[in-house]
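S.K.: Residue numbers (our numbering), protein chains in the order written: chain A, 1 to 463; chain B, 1 to 346.
Quick caveat, the hints were computed from the structure, so don't treat them as lab data. Among the hints, a few may not be true.
Straight line, CA to CA, 27 angstroms or less: simulated BS3-like cross-link-like pairs of lysine-lysine [claimed, not checked]: (1) Lys-113(B) x Lys-438(A); (2) Lys-315(A) x Lys-365(A); (3) Lys-113(B) x Lys-340(B); (4) Lys-48(A) x Lys-205(B); (5) Lys-41(B) x Lys-119(A); (6) Lys-41(B) x Lys-438(A); (7) Lys-335(B) x Lys-123(A); (8) Lys-362(A) x Lys-303(A); (9) Lys-341(B) x Lys-119(A); (10) Lys-437(A) x Lys-113(B); (11) Lys-335(B) x Lys-119(A).
Among chain A residues calculated to face chain B with C-beta under 10 angstroms, some are [unchecked claim]: (12) Thr-68; (13) Ile-70; (14) Phe-76; (15) Arg-85; (16) Ala-93; (17) Met-105; (18) Phe-109; (19) Phe-115; (20) Trp-130; (21) Leu-131; (22) Glu-311; (23) Asp-413; (24) Leu-414.
Owing to the predicted nature of the structure, the values given are computational and were not obtained by experimental measurement. Quick reminder that beta carbons are idealized off the backbone N, C-alpha and C, glycines included.
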Amino acid sequence: MNPITLSRWQFGLTTIYHWLFVPLTLGLGWFVAYMQTRYYQTRDENYKKMTKFWGKLYLINFAIGVVTGIVQEFQFGMNWSEYSRFVGDIFGAPLAIEALLAFFMESTFLGVWIFGEGKVPEKVHLAAIWLAAIGSNLSAVWILIANGWMQHPVGYAINEVTGRAEMTDFIAVIGNPKAWVFIWHTLADGLATASFLIIGVSAWHLIRKQYTEVFKPSFQMAALVGTIASVFVFLGGHTMGQYMYEAQPMKLAALEAIWETEQPASFSIITIGDLTGRQEVWSLHVPYVMSFLACNNFSCEVKGVDQLQTEYEAKYGPGNYIPLMVVTYWTFRIMMTIGFIMMAAAAWLLFAARRAGYENAKWFKFLPFWAIALPYFANVSGWVLTEMGRQPWIVFGLLKVQDAVSPNLTILDLWISLVGYTAVYGILAAVMFGLMKKYAVAGPDAAMHESVDVAPSLLGAQD
Amino acid sequence: MSYEFLQTLWFILIAILWIGFYFLEGFDFGVGMLLPFLGKKDEERRAVINTIGSTWDGNEVWLLTAGGATFAAFPHWYATMFSGFYLALFLLLVGLILRGVSFEYRSKNPDPKWRNRFDWMIAVGSFLPALLLGTAFANLAKGVPIGADMNYVSPNGLAATLGLLNPFGLVGGLTTVAVFLLHGANFLALKLDGDLRERARAISKKLYFPAALMVIALAVTSYIYTDISTKIGIDPGIVPIASAVALLVSIYFINRKMEGWAFITVSLHIVLTQVAFFMLMFPRVMISSLNPDWNLTIYNASSSQYTLTVMSLVALVFVPIVLVYQGWTYYMFRKRISAKKETLVY
Chain A
1 MNPITLSRWQ
11 FGLTTIYHWL
21 FVPLTLGLGW
31 FVAYMQTRYY
41 QTRDENYKKM
51 TKFWGKLYLI
61 NFAIGVVTGI
71 VQEFQFGMNW
81 SEYSRFVGDI
91 FGAPLAIEAL
101 LAFFMESTFL
111 GVWIFGEGKV
121 PEKVHLAAIW
131 LAAIGSNLSA
141 VWILIANGWM
151 QHPVGYAINE
161 VTGRAEMTDF
171 IAVIGNPKAW
181 VFIWHTLADG
191 LATASFLIIG
201 VSAWHLIRKQ
211 YTEVFKPSFQ
221 MAALVGTIAS
231 VFVFLGGHTM
241 GQYMYEAQPM
251 KLAALEAIWE
261 TEQPASFSII
271 TIGDLTGRQE
281 VWSLHVPYVM
291 SFLACNNFSC
301 EVKGVDQLQT
311 EYEAKYGPGN
321 YIPLMVVTYW
331 TFRIMMTIGF
341 IMMAAAAWLL
351 FAARRAGYEN
361 AKWFKFLPFW
371 AIALPYFANV
381 SGWVLTEMGR
391 QPWIVFGLLK
401 VQDAVSPNLT
411 ILDLWISLVG
421 YTAVYGILAA
431 VMFGLMKKYA
441 VAGPDAAMHE
451 SVDVAPSLLG
461 AQD
Chain B
1 MSYEFLQTLW
11 FILIAILWIG
21 FYFLEGFDFG
31 VGMLLPFLGK
41 KDEERRAVIN
51 TIGSTWDGNE
61 VWLLTAGGAT
71 FAAFPHWYAT
81 MFSGFYLALF
91 LLLVGLILRG
101 VSFEYRSKNP
111 DPKWRNRFDW
121 MIAVGSFLPA
131 LLLGTAFANL
141 AKGVPIGADM
151 NYVSPNGLAA
161 TLGLLNPFGL
171 VGGLTTVAVF
181 LLHGANFLAL
191 KLDGDLRERA
201 RAISKKLYFP
211 AALMVIALAV
221 TSYIYTDIST
231 KIGIDPGIVP
241 IASAVALLVS
251 IYFINRKMEG
261 WAFITVSLHI
271 VLTQVAFFML
281 MFPRVMISSL
291 NPDWNLTIYN
301 ASSSQYTLTV
311 MSLVALVFVP
321 IVLVYQGWTY
331 YMFRKRISAK
341 KETLVY
């Protein structure tokens, strides 16, 4: 493999891994903050138990999200130094602001929340969890503004002398509509991911008839939030389609595998292509739907990959401007199918939970628990789609991935770091998964009383 | 605001972020490295961790902000340094990952083996970044092989990482480790109670002379490996001398059990040493060992005037706010911590 491929694998691997933990952090923070607020208002012990229990899972998940985030911030410079030189003026700004505004807030107040109970006034302790939740979500806002610029560059000019992109309009960069749709889609997705975790874990306890005082209200809260959030995720995604139609038509064509320009465009539910991806073997199409996805009406023209390739060659010079279609096509389908299942499942659970004895139903024994995994597949697919759909560009229309990589790195360096990250991340995932499972299964009593859980001594030899 | 003024301002701001990081994470790293040696029983180890438990993560953000600010204000500095120190930074990241996770996970299982393993990961995860940062900073002062295109001269990577481990780099790394250990011990003496406090004091006393020796070695070797004598002169000026004096008098306070002053003087030493480093660098941000014309300076490595202006406004508003609330958390958690089960947060 060449250095570009290795750096891409590493970035993909570390980013996807980071993103396995972040959505839950984004969403679960709001839940924990709300539960603690309810306890503060009502003094109902059950809310305290809920806060403690979900708070514990929140922290176990949070730890990995934070440490893998540091890698993200460093590897632009480490692996993509030419990219960093080119975009530093614009991309660096939201990143620096993210650290200054969001990271400080999130980490400082999370520290106050973990260690402050009984040591700081109760109101301050409550404010701390809200500020930590706001901080995490703010950090997502700034990184998505940075990513939005890579998808749809605005507010810049290319300096003729240095060849670098320079910021000309900060307000345009932070007001980038593409970024804000992305933010809406992502923050709602965080809530949906957290909702499904709460739904699944609560159901696991409810079918065992334990801690119902904690898990019934948790379940109901999550079913409601999950339904609303999934709808917002869908609406955000749909709106993204229209921005893509204007800003990145190639990505749109690629996620649909539309080779020939169509008007009106039909939507492919499933297409089995031959190995080249150019010949349809079998497909199922719904007429008009693709036009609706792309421009909110049923008759617009959706440009095909072939026409766009010709247009791009005329505009940007010779080269291959077509993303890896098999990836864009299938990640889009996985993401969207799961999105619909999530909406339906959350709404169904919300509706079903209104009846007494729902926890005895047969479907309840497996459906909610397995649903925990749904958002994770959708989250990963979504990021892979949006990043790989932009290929060969790293900044759309301005800089290609092949010109962005650090020129000084050797294959050996990259293998060392790639293998190293994979090993460390793999071990961490196993430890983290074990702990999540342990605390999820143990229930709220364990979370309430953990502070007395002191080991007698450390390795007898030392005592 | 003129372009040159903004470039200087951002050099100073990034210097402040690094100085703050060295001061704050300096004792965090020290505490982390001392953890397995100072705490014998589980409660003791937990007490040691809790001295930094609520604040280490916020302290680490100083590093992230320094990185982000460098990216925004001096993209070429960020690009050259981060790609040039590739494997060193990779190891530093692994250290920070292990350490950060361990703080959260070490108490999630009562098994002594489990806890011991994570405690050692905290120690190693504190040692590695301290050593690597010290090595990296020494090499920044010494100069690194940067070519005309601002990139490290290939082939580098493994070779460059081994190149960082030259005598001066090693002295820089080991000095940083030694001083952070001392700084951590002083911090622990200030924050712990009872028997642990006595032990932290005793360790601080023991660590003082090795640390002082390393600092002398660093000072002497700087005259050989950096251009301090031609740029600043044989007389290094008030800042490095004040830094040395601060370290010199700290032993008086350590011996007299005046923990507050011991902590302040060693902190002063760390801060002033970093100030001296940035004064030596200015206006350069990366020194090319191949050709002085290929140095990265605040003038050829910076962002546009527009970006620097925007970032200055953002910093002007938010830096004071951050300083206030971070300072407030130290005030909130100012009480000494004793190794009693009932009072410890796990």
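S.K.: Taking the hints in turn, state whether each one holds.
M.R.: So, going through the hints one by one against the coordinates:
As the CA atoms of Lys-113(B) and Lys-438(A) are separated by approximately 18 angstroms, the hinted pair is consistent with the 27 angstroms bound. Under the criterion of a C-alpha separation no larger than 27 angstroms, the hint pairing Lys-315(A) with Lys-365(A) is inconsistent with the structure, at around 57 angstroms. A C-alpha spacing of about 21 angstroms is found between Lys-113(B) and Lys-340(B), which places the hinted pair at or below 27 angstroms, so the restraint holds. At roughly 46 angstroms between alpha-carbon atoms, Lys-48(A) and Lys-205(B) are farther apart than 27 angstroms, so this suggested pair is violated.
As the CA atoms of Lys-41(B) and Lys-119(A) are separated by approximately 24 angstroms, the hinted pair is consistent with the 27 angstroms bound. The hinted pair formed by Lys-41(B) and Lys-438(A) meets the criterion: a straight-line CA distance of about 25 angstroms does not exceed 27 angstroms. A threshold of 27 angstroms between alpha carbons decides the hint, and for Lys-335(B) with Lys-123(A) the separation of about 20 angstroms falls inside it, so the pair holds. At most 27 angstroms may separate the alpha-carbon atoms for a hinted pair to count; Lys-362(A) and Lys-303(A) exceed this at roughly 48 angstroms.
For the hint pairing Lys-341(B) with Lys-119(A), the CA-to-CA distance comes to about 16 angstroms; that is within 27 angstroms, so the pair holds. Proximity of Lys-437(A) to Lys-113(B) is assessed by CA-CA distance (about 20 angstroms); at most 27 angstroms being required, the pair is judged to hold. The hinted pair formed by Lys-335(B) and Lys-119(A) meets the criterion: a straight-line CA distance of about 10 angstroms does not exceed 27 angstroms. With 10 angstroms as the threshold, the beta carbon of Thr-68(A) comes within range of chain B, its nearest partner Cβ sitting at about 7 angstroms, so the hint holds.
A least Cβ separation of about 6 angstroms between Ile-70(A) and chain B falls short of the 10 angstroms threshold, and the interface hint therefore holds. Hint on Phe-76(A) holds. Least Cβ distance to chain B is approximately 7 angstroms, under the 10 angstroms limit. With 10 angstroms as the threshold, the beta carbon of Arg-85(A) comes within range of chain B, its nearest partner Cβ sitting at about 5 angstroms, so the hint holds. Taking 10 angstroms as the C-beta contact cut-off toward chain B, the hint placing Ala-93(A) at the interface holds, the least distance being around 5 angstroms.
Taken as an interface hint, Met-105(A) checks out: its beta carbon lies about 8 angstroms from the nearest beta carbon of chain B, inside 10 angstroms. For Phe-109(A), the shortest C-beta to C-beta distance to chain B is roughly 8 angstroms, which falls under 10 angstroms, so the interface hint holds. Satisfaction of the interface hint for Phe-115(A) is found here, the shortest Cβ-Cβ separation to chain B being roughly 4 angstroms, below the 10 angstroms cut-off. The interface hint given for Trp-130(A) is broken, as the beta carbon of that residue sits about 14 angstroms from the closest beta carbon of chain B, more than 10 angstroms.
For Leu-131(A), the interface hint holds, the least distance from its beta-carbon to any beta-carbon of chain B being 9 angstroms, beneath 10 angstroms. Interface restraint check for Glu-311(A): the shortest CB-CB distance to chain B comes to about 31 angstroms, outside 10 angstroms, so the restraint is violated. Against a cut-off of 10 angstroms between C-beta atoms, the interface hint on Asp-413(A) holds, since the closest Cβ of chain B lies about 3 angstroms away. With a cut of 10 angstroms, the hint placing Leu-414(A) at the interface with chain B holds, because the nearest CB-to-CB distance is about 8 angstroms.
When the structure is compared with the earlier hints, violations turn up for hints 2, 4, 8, 20 and 22 and for no others.
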